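*Asks:* Protein chains in written order, with UniProt numbering: chain A, 1 to 407; chain B, 1 to 407.
The hints are simulated quantities; they were obtained by calculation from the structure and are not laboratory data. Owing to the predicted nature of the structure, the values given are computational and were not obtained by experimental measurement. Careful, some of the hints might be misleading.
If chains are identical, the list can't say which one is meant, so a pair holds when it fits in one copy or spans any two.
[Claimed, not checked] Straight-line Cα separation of at most 25 Å, PhoX-like style, residue types lysine-lysine; simulated pairs:
no., residue 1, residue 2
1, Lys314, Lys194
2, Lys275, Lys208
3, Lys275, Lys46
4, Lys208, Lys10
Number of protein chains: 2
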Amino acid sequence: MLKINEHYLKLQASYLFSDIAKRVAAFQHAHPDKNIIRLGIGDVTKALPPACIAAFHRAVDEMAVDSSFRGYGPEQGYAFLREAIAQHDFQARGAEISADEIFISDGAKCDTGNIQELFSSEARVAIPDPVYPVYLDTNVMAGRTGAFADGRYQGLVYLDSTAENNYVPKLPNEPVDLIYLCFPNNPTGSTISKAELKTWVDYAKANKALILFDAAYEAFIRDESLPHSIYEIEGAREVAIEFRSYSKSAGFTGTRCAYTVIPKECAAYDSAGNKQFIHPLWNRRHCTKFNGVSYPVQRAAEAVYSDEGKAQCKALISGYLENADLIAAAVKELSFDYIGAANAPYVWIRCKRDSWEFFDMLLNKAGVVCTPGAGFGKCGQGYIRLSAFNSRENVVKALERIRQALA
Amino acid sequence: MLKINEHYLKLQASYLFSDIAKRVAAFQHAHPDKNIIRLGIGDVTKALPPACIAAFHRAVDEMAVDSSFRGYGPEQGYAFLREAIAQHDFQARGAEISADEIFISDGAKCDTGNIQELFSSEARVAIPDPVYPVYLDTNVMAGRTGAFADGRYQGLVYLDSTAENNYVPKLPNEPVDLIYLCFPNNPTGSTISKAELKTWVDYAKANKALILFDAAYEAFIRDESLPHSIYEIEGAREVAIEFRSYSKSAGFTGTRCAYTVIPKECAAYDSAGNKQFIHPLWNRRHCTKFNGVSYPVQRAAEAVYSDEGKAQCKALISGYLENADLIAAAVKELSFDYIGAANAPYVWIRCKRDSWEFFDMLLNKAGVVCTPGAGFGKCGQGYIRLSAFNSRENVVKALERIRQALA
Chain A
1 MLKINEHYLK
11 LQASYLFSDI
21 AKRVAAFQHA
31 HPDKNIIRLG
41 IGDVTKALPP
51 ACIAAFHRAV
61 DEMAVDSSFR
71 GYGPEQGYAF
81 LREAIAQHDF
91 QARGAEISAD
101 EIFISDGAKC
111 DTGNIQELFS
121 SEARVAIPDP
131 VYPVYLDTNV
141 MAGRTGAFAD
151 GRYQGLVYLD
161 STAENNYVPK
171 LPNEPVDLIY
181 LCFPNNPTGS
191 TISKAELKTW
201 VDYAKANKAL
211 ILFDAAYEAF
221 IRDESLPHSI
231 YEIEGAREVA
241 IEFRSYSKSA
251 GFTGTRCAYT
261 VIPKECAAYD
271 SAGNKQFIHP
281 LWNRRHCTKF
291 NGVSYPVQRA
301 AEAVYSDEGK
311 AQCKALISGY
321 LENADLIAAA
331 VKELSFDYIG
341 AANAPYVWIR
351 CKRDSWEFFD
361 MLLNKAGVVC
371 TPGAGFGKCG
381 QGYIRLSAFN
391 SRENVVKALE
401 RIRQALA
Chain B
1 MLKINEHYLK
11 LQASYLFSDI
21 AKRVAAFQHA
31 HPDKNIIRLG
41 IGDVTKALPP
51 ACIAAFHRAV
61 DEMAVDSSFR
71 GYGPEQGYAF
81 LREAIAQHDF
91 QARGAEISAD
101 EIFISDGAKC
111 DTGNIQELFS
121 SEARVAIPDP
131 VYPVYLDTNV
141 MAGRTGAFAD
151 GRYQGLVYLD
161 STAENNYVPK
171 LPNEPVDLIY
181 LCFPNNPTGS
191 TISKAELKTW
201 VDYAKANKAL
211 ILFDAAYEAF
221 IRDESLPHSI
231 YEIEGAREVA
241 IEFRSYSKSA
251 GFTGTRCAYT
261 VIPKECAAYD
271 SAGNKQFIHP
281 LWNRRHCTKF
291 NGVSYPVQRA
301 AEAVYSDEGK
311 AQCKALISGY
321 LENADLIAAA
331 VKELSFDYIG
341 AANAPYVWIR
351 CKRDSWEFFD
361 MLLNKAGVVC
371 TPGAGFGKCG
381 QGYIRLSAFN
391 SRENVVKALE
401 RIRQALA
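Take the sequences, apply the hints, and build the full model.
*Replies:* Here you go:
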């Protein structure tokens with residue numbers, strides 16, 4: 001008799017965004033004439049940069065002719081893309097990362113979800129609260145937690161991110177092995193300084209722990225003093241893996257391309273206490289369970305690093321950041337406390353009531369979709385997240401509707 | 001101290017095809033002027049069908065304009081593709097599969113690798129020998145095996161596929177829970193009849209086991225009596241998951257699109273013995289660890305089902321099958337025993353000596369890359385696989401060189 005992986009049965013209800021989608025669909029069904037504006041899920045709305053489109057087309061044309069057709073590519077990604085990344089995203093900022101430390105994938109969701117497979121099921125995991133649900137759910141599936149009780153999974157160390165610590169969690173009081181961090185943060189939009197990030201790197205070194213650093217939103221940083229990469233911090237190469245994505249920086253949510261950086265020195269340990277480097281383990285996983293990203297998509301991603309591509313991505317990001325500024329200004333005017341917007345496409349708003357209640361109110365009275373903070377964890381209760389990913393016109397209209405709904 | 005998943009340390013050397021690539025690179029480095037012909041890895045060489053190219057371009061153009069731009073799609077895949085699959089690949093053949101039982105992914109390698117996560121780490125796994133290494137390695141990583149000894153992982157049930165059983169394994173003598181089957185077979189090219197497949201479905205029903213049926217090569221079937229899908233067999237909906245891919249049927253190895261079918265009735269059990277349906281478990285995994293396939297790629301795959309697309313794919317397949325016929329004829333002429341070619345792009349050849357020795361001989365004397373059978377398992381020792389995936393010209397040239405090398 002085949003038994004299932006019973007850890008799946010511990011998972012709470014459905015995945016946050018599916019849940020939201022269902023409520024929105026029900027509302028739309030009941031009010032087919034209502035024009036709903038979505039500031040919920042962090043999904044981009046503007047077209048791909050023209051440089052990416054041109055490169056995409058050129059690569060599709062290559063696939064149309066036997067002599068230039070490409071079959072299986074390297075599982076780790078093509079050298080042209082890995083080299084462009086190493087040069088532009090890291091070396092140009094003084095972070096020593098080489099092309100062969102970069103693994104191209106079809107999404108940071110996949111990579112942040114899959115990375116935990118490399119580690120012992122006994123690993124003590126520290127996860128921020130509020131948090132992107134993928135970090136949490138994938139560790140539940142892998143059996144690193146107990147049951148769900150009182151709004152939290154037993155056996156995990158939650159890192160509270162609240163107004164009291166300016167939404168940057170403090171070091172844990174108990175020893176942990178695997179630490180998830182995300183800055184600029186999803187969902188709060190908060191940022192971490194180099195000095196604060198250094199305390200985490202030092203903690204990881206002292207405790208032989210590993211930091212999983214999600215930098216999917218680094219392109220939104222405007223404050224020049226903030227780190228774009230954890231590898232700007234001394235010592236991070238030994239204790240940190242970094243995740244990046246073109247989803248938000250170049251509008252690739254529907255095109256699918258991302259990458260993960262695993263420096264050669266980065267290590268964990270076997271049960272005899274011997275150092276085991278993570279790079280060959282991930283390489284083995286990548287080669288065994290993945291077959292590389294679509295060739296034309298990798299060419300489209302490469303174009304992000306051309307002069308036109310850089311300028312076009314910058315303009316995209318600026319547009320979203322201006323939306324974030326408008327949202328922040330409106331929220332302030334309505335006397336809500338908030339964080340984010342300055343260096344992130346998200347505004348995290350203390351809504352002075354239950355998150356889902358506020359979500360339903362905004363949906364029903366304003367026809368605006370937000371993300372209920374409670375969906376990101378216990379510390380998110382009483383908050384909602386508004387996303388800047390929409391057209392200027394829609395953002396302005398949504399803010400006007402929110403003003404009226406709250407009047 | 002973070003510990004690794006030590007099951008990874010049980011994995012043998014490097015992944016088969018990386019291993020081959022290294023030997024070929026070393027040979028090419030030593031003989032930079034030699035023109036090597038690759039009949040090793042099953043990678044297609046002919047351009048994408050024009051219908052797919054046209055659809056691909058159109059979808060890229062949609063991504064260039066805000067009003068038609070698509071961000072995150074459904075994790076399970078777009079309805080336009082799932083519906084085309086249900087209709088053309090299943091319902092048209094009398095197999096009752098609906099669109100919402102189909103999950104689009106970026107590769108059958110990923111799906112066949114990831115599916116085991118849904119099941120208990122105690123599951124008793126039956127794996128054919130010879131076999132596509134992904135089935136094996138992913139179960140090793142998940143801890144369902146003991147150490148590697150004498151050419152095999154302890155704790156697995158190996159299903160010998162040899163000349164004695166015409167390369168279709170017999171039912172196991174001991175109870176198993178999870179059964180991997182692949183027909184037309186990779187690497188042997190052997191096929192299974194409906195009557196034989198029915199014995200496996202009946203076994204699975206009687207033992208509450210599950211069949212993971214890899215049908216990546218179904219498009220190569222010429223014998224009308226053979227099943228294209230396991231769902232052509234009565235009762236299979238309750239006990240079988242099927243994997244399909246556009247890699248070989250439409251030349252998508254570098255474009256990346258595949259799908260997995262999980263019928264609603266398909267179930268495993270929890271430790272209390274209660275039936276647990278697999279569809280919602282896989283849906284949860286897909287939504288948590290995957291973000292859908294690139295939109296333009298899904299449009300390119302949809303075009304496979306247009307009238308032009310069907311005709312073009314058929315022509316592609318016919319070209320490769322004619323190559324397979326040429327290889328089979330040459331091999332027969334050289335007095336080797338073989339199977340395959342008739343309904344598959346592979347020819348499995350008994351080479352009368354050590355597989356890797358024959359591999360090295362073919363590489364060095366003929367400049368031809370094959371795949372050593374031993375890389376697919378113990379039963380593959382003494383065999384090599386030749387693939388029909390190359391241009392006619394290269395296949396003819398390779399066969400001539402092999403004739404001379406063996407003369």
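*Asks:* Could you run down the list of hints and mark each one as holding or not?
*Replies:* Results for each hint:
Proximity of Lys314 to Lys194 under the C-alpha cut-off of 25 Å is restricted to the intra-copy arrangement: shortest distance 23 Å within a copy versus 58 Å between copies. For a Cα distance limit of 25 Å, the shortest separation of Lys275 from Lys208 inside one copy, 10 Å, qualifies, whereas the shortest one across copies, 42 Å, does not. With identical chains, the CA atoms of Lys275 and Lys46 are never at most 25 Å apart, being 46 Å at best within one copy and 45 Å at best between copies. Taking CA atoms no more than 25 Å apart as the test, Lys208 paired with Lys10 passes between copies only; the shortest distance there is 23 Å, against 29 Å inside one copy.
Going through the hint list in order, the structure does not satisfy hint 3, though it satisfies all others.
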